[in-house]
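> Protein chains in written order, with my numbering: chain A, 17 to 320; chain S, 2 to 365; chain L, 2 to 365.
Rather than coming from a laboratory, the hints here were simulated on the basis of the structure. Quick caveat, the model's predicted, so the values are computed rather than measured. Built from N, CA and C at the ideal position, the CB exists for glycine as well. Any given hint could be a false lead.
With the C-beta cut set under 8 angstroms, the calculated list includes, among others, these residues of chain A facing chain L [as the list claims (entries may be wrong)]:
id: 1; residue: Arg-210
id: 2; residue: Ala-216
id: 3; residue: Gly-220
id: 4; residue: His-230
id: 5; residue: Asn-234
Result set (BS3-like, lysine-lysine): computed pairs, CA atoms no more than 30 angstroms apart in a straight line [unchecked claim]:
id: 6; chain 1: L; residue 1: Lys-15; chain 2: L; residue 2: Lys-284
id: 7; chain 1: L; residue 1: Lys-202; chain 2: L; residue 2: Lys-126
id: 8; chain 1: L; residue 1: Lys-284; chain 2: L; residue 2: Lys-329
id: 9; chain 1: S; residue 1: Lys-174; chain 2: S; residue 2: Lys-149
id: 10; chain 1: S; residue 1: Lys-84; chain 2: S; residue 2: Lys-146
id: 11; chain 1: S; residue 1: Lys-288; chain 2: S; residue 2: Lys-269
id: 12; chain 1: S; residue 1: Lys-288; chain 2: L; residue 2: Lys-329
id: 13; chain 1: S; residue 1: Lys-104; chain 2: S; residue 2: Lys-146
id: 14; chain 1: L; residue 1: Lys-202; chain 2: A; residue 2: Lys-217
id: 15; chain 1: S; residue 1: Lys-288; chain 2: L; residue 2: Lys-40
id: 16; chain 1: L; residue 1: Lys-40; chain 2: L; residue 2: Lys-202
id: 17; chain 1: A; residue 1: Lys-217; chain 2: L; residue 2: Lys-15
id: 18; chain 1: L; residue 1: Lys-126; chain 2: A; residue 2: Lys-217
id: 19; chain 1: L; residue 1: Lys-202; chain 2: S; residue 2: Lys-287
id: 20; chain 1: S; residue 1: Lys-269; chain 2: S; residue 2: Lys-287
id: 21; chain 1: S; residue 1: Lys-84; chain 2: A; residue 2: Lys-53
id: 22; chain 1: S; residue 1: Lys-174; chain 2: S; residue 2: Lys-150
id: 23; chain 1: S; residue 1: Lys-104; chain 2: S; residue 2: Lys-149
id: 24; chain 1: L; residue 1: Lys-329; chain 2: S; residue 2: Lys-287
id: 25; chain 1: S; residue 1: Lys-104; chain 2: S; residue 2: Lys-46
id: 26; chain 1: L; residue 1: Lys-202; chain 2: S; residue 2: Lys-288
id: 27; chain 1: L; residue 1: Lys-40; chain 2: S; residue 2: Lys-287
id: 28; chain 1: S; residue 1: Lys-151; chain 2: S; residue 2: Lys-174
id: 29; chain 1: A; residue 1: Lys-217; chain 2: L; residue 2: Lys-40
id: 30; chain 1: S; residue 1: Lys-84; chain 2: S; residue 2: Lys-104
id: 31; chain 1: S; residue 1: Lys-146; chain 2: S; residue 2: Lys-174
id: 32; chain 1: S; residue 1: Lys-46; chain 2: S; residue 2: Lys-84
id: 33; chain 1: A; residue 1: Lys-265; chain 2: A; residue 2: Lys-98
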Amino acid sequence: MAAVETAVKGGFSDWRLRRQSAIEESRYNVRVFLRDKLAVAGLMVIVGTVLIAIFAGYLAPYPDQGRGNSDMQNRLQGPSAKNIMGTDQQGRDVLSRVMFGARIPLIISTVVTAGVLLVGVPLGGIAGYFGGWIDEAVMRITDIFLAFPALVLALALVAFLGANLRNVAIALVVTWWPWYSRLVRGMAISLRERPYVLAAKTMGVGHFAIIRRHILPNTIGPVIVQMTVDVGSVILEVAALSFIGLGAKPPTPEWGLMVSDGREYILSAWWLSTFAGIGIFGLVLAYNLVGDALRDVLDPRLKR
Amino acid sequence: MAGRTTASAAAASEGGSTGAAPPGRPVLEIEDLRVEFRSLRGVVKALNGVNLTVHEREIVGLVGESGCGKTVTGYSVLGLLPKPQAQVTGGRILFNGEDLVEKSARELRTLTGKVISMVFQDPLASLNPVLSVGEQISRVIRAHKDVKKKEALEAARTAIVATDLPGTDSLLKSYPHQLSGGMRQRVCMAMAISCGSALLIADEPTTALDVTIQMQILTLLLELRERLGVAQVLITHNVGVAARTCDRIAVMYAGNVVEDGPTAEVLKRPRHPYTVALIECLPQGKKADQLQTIPGTVPDLIAPPPGCRFHERCWRVLDVCRDVLPTPIEVARDHWTACHWVQREIAGERRSDARSERAGEGEG
Amino acid sequence: MALLTVAHLTVHFKIRRGLTRRSTDVVHAADDVSLTIEKGETLALVGESGSGKTTVAHAVLGLNRPQSGSIVFHGRDVLSLPRRERRAARRGMQVVFQDPYSSLNPRMTVHDLVTEPLTVGATMKGDDLNARVVSLLEMVGLGTQHLWRRPHEFSGGQCQRIAIARALAVQPELLVLDEPTAALDVSVQARILTLLNRLQKELTLSYLFIAHDLAVVESIATQVAVMYLGTIVELAPTDVLFADARHPYTLALLASVPSPDPDIRTERAAITGDVPSAIDPPKGCRFHPRCRFRMEVCDQEVPPLVTHEGRALACHLPDDFDLSAEQKAARRARATVAVEEPARRRARPRPGDQVTMPKMRRRW
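With the rest of the complex left out, here is chain A (with noise of 0.2 angstroms):
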């Protein structure tokens, strides 16, 4: 008896052994997530890019420049050992704009992306379980959003709330939370005639105790592959608002900021726009390759 007390006694206060069969979970999720090489490389691009962001003061060789200070004797300066990636028309090295320029696009899309999920989630959770006129309200409203062109929308709620990049973000939440929440109204009708839901009721456990515990946990998978999809997609909003001169202002270093800033020398001075724009494409892409990764290696679960 003293052998099951200690198993038992070391069950419940050592953490590890509790989440052991989550962490043996998530072992064998990263290896199946290690098969896809395109998807270990848009990993390893997203880290980079993290990374360089943050460090971006101590990476880039002209840090000054990169926040915005100007040197216009430099303007327009092809790439040469001096300037990898040229200046641009206010002499700034283009490399340390890039580096500098990849704060915005990941925090606001990170920021976005929580604000979305916050939101959407639950209400669709919400929705789905309780059906009747909460899903009739909640879903009108929804559509109300979505028959919305979502650039459309957030250009006019950012015209409307002042041309910032807070309001950006705002505006962003404002126009994506409705995809979330019907993805996860959708599964949370389909969870809740399950079985463990009705013996939850039977058990008398109370209705947002049921949401919380069985449905919305039950809805994470198809909820992260859209989420590393979309992060893509909202950067390339911050991106295309900030184009039009609704997001980041002058001389902060965003990249589509610098795609905008860089249109009238296109011809002449490529570099400016260019490298900016890989960059957008670069990381977007690199999270729609980690989100298919992501799709196969939660839904075969199933299988095994």
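Put chains S and L on the given structure of chain A with help from the hints.
Chains S and L alone, transformed into the frame defined by chain A:
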């Protein structure tokens, strides 16, 4: 396995247990079939040398619990195993003398559906929901025979009627979701026999059906054998279903056929310990406190024991069972079982029959 | 006083169709169902698909809203209580579902699963909770090494034990079991049934056992209620039902179960046709379209459930419940159809039989 064939032929002349016309020559002979599955955890040795023979006009039941490999056996005959993961690593599947394992996918396709067909457990999932019943069956027919649409439709009608469904236009035009479960399964069977199959493999065809409908479908299987001479392999975990329908029963456990013989013989005089235990587990006619169970669990097929795969749960286990896979021996006319203990028991009987004078012999 | 008394329970579901979601059809899932379960007893609810057995179980558990009737548990009619009190009144009843995997949240550990019922209401904490979990697992034959694992790492039988442990956490008196062994292998089924039997004796539990497998029912039930299309057609103690069933549907059902005993050749079998839809059930006795004893009154009046000496029957056939053995045999014979065993017939084509498929026959 020549020995087995001659024994079967001998039994054949006596007639099967149901009194049916004696089964003819073998239609399907599975010899020492080995199949492996590659999975992330390792290689699953699903089939470990399966032997099975089906004669003309014979219904053979492949009986076992989940994981025993009965479905894998059925699928491998038709080449339905998932290609990259599954591999046939040994043995032959002879259909009318030709080895199906050796055939290419294209060659197999000329046989499946036409000469060998399969019926699955869930009739709703087996039918295309956007095609009407008549269309689906005609397509199968046209895939194998060069006939015009009209003729194919008439042949579809014939097939439908053969499964005791009304051959009306309205039925041919209806869609799967408009039919009941029993009717859908009949449609699947009509599709299977539409090109005049010689062999029908039915994988748990009645598990998803109500018990009264199940009886109708099982009767239909018997009638198909009677009217069309279709030999059948009935894969099931329900011993009662096998008892009702099959001439012979092959009991499988963890990738091997452990016992094989005429239905009545196997069920009334089971020799393999697993068969004995399985029959004792059946709730038929027992009160709750009289139910027997089998201790232990099915071995992990990724690292199975080299010998008999049932030995860890067997109360008759001998040392040799752990290391050497028993080969099938004949314990009664056309009744085979693969068990070391039974082998010793028989050897002991024969020795004591011979009235050996040496003491200590005649022991199992 | 009986633990559970269901009286005249009626449950109808509306099907909403069309854009406006107006209800057009009503599914008569259960009509006028009455049954009683005493302490320590097992009532088996038997029926095929559409019989309403699951509906009745769900109604007892509070998972649907009956139109009328009463469910008296511990002397209180749960349906007449205000909503808030209903859950508390049902505290003494728990459920075990059919599919072991989908009845357990795949993301939760065994510990969380089994303690979830204890998180409702007055919560246990700390050492009390730990001790309780361990004792529950021991009760069902699982060990502490399983505490932190998740459902997909277990076999079906083990998952069902987890579900049983969870159901026992709040010390219920009534357990509703919805076909708990239908998805399990024979040997595992035997283990679970043995476990349920032991638990019933040790903890004085009552079971409402939904099943379609009559062999299982015969083993574990004290009383059997047979349902057809939403109504109870016969209710009797187990031994009485199996030896002396009276309702034509019950007789046909019993005859349709294929027995694994090869000596019991099923000579009499199924009723024909399928179960009609519950949306528009037949007028009068719902079984009359398929009944071989059909009289004029059967399609006009619903037969009342007549109780007599512990058994109940809903049938218009004159029955003084005192039939002689010959009368019983005659009724059994008339209720079912003689299966023309094709194996026993000489092969003789009947009109309409297709002996060969025209133009399809091919030598292979």
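> For every hint, state whether the structure bears it out.
How the hints compare with the structure:
no., hint, result
1, Arg-210, "6 angstroms, holds"
2, Ala-216, "7 angstroms, holds"
3, Gly-220, "4 angstroms, holds"
4, His-230, "5 angstroms, holds"
5, Asn-234, "6 angstroms, holds"
6, Lys-15/L / Lys-284/L, "19 angstroms, holds"
7, Lys-202/L / Lys-126/L, "29 angstroms, holds"
8, Lys-284/L / Lys-329/L, "27 angstroms, holds"
9, Lys-174/S / Lys-149/S, "18 angstroms, holds"
10, Lys-84/S / Lys-146/S, "27 angstroms, holds"
11, Lys-288/S / Lys-269/S, "20 angstroms, holds"
12, Lys-288/S / Lys-329/L, "25 angstroms, holds"
13, Lys-104/S / Lys-146/S, "20 angstroms, holds"
14, Lys-202/L / Lys-217/A, "27 angstroms, holds"
15, Lys-288/S / Lys-40/L, "19 angstroms, holds"
16, Lys-40/L / Lys-202/L, "11 angstroms, holds"
17, Lys-217/A / Lys-15/L, "22 angstroms, holds"
18, Lys-126/L / Lys-217/A, "22 angstroms, holds"
19, Lys-202/L / Lys-287/S, "18 angstroms, holds"
20, Lys-269/S / Lys-287/S, "17 angstroms, holds"
21, Lys-84/S / Lys-53/A, "23 angstroms, holds"
22, Lys-174/S / Lys-150/S, "14 angstroms, holds"
23, Lys-104/S / Lys-149/S, "29 angstroms, holds"
24, Lys-329/L / Lys-287/S, "24 angstroms, holds"
25, Lys-104/S / Lys-46/S, "22 angstroms, holds"
26, Lys-202/L / Lys-288/S, "14 angstroms, holds"
27, Lys-40/L / Lys-287/S, "23 angstroms, holds"
28, Lys-151/S / Lys-174/S, "14 angstroms, holds"
29, Lys-217/A / Lys-40/L, "24 angstroms, holds"
30, Lys-84/S / Lys-104/S, "14 angstroms, holds"
31, Lys-146/S / Lys-174/S, "22 angstroms, holds"
32, Lys-46/S / Lys-84/S, "15 angstroms, holds"
33, Lys-265/A / Lys-98/A, "27 angstroms, holds"
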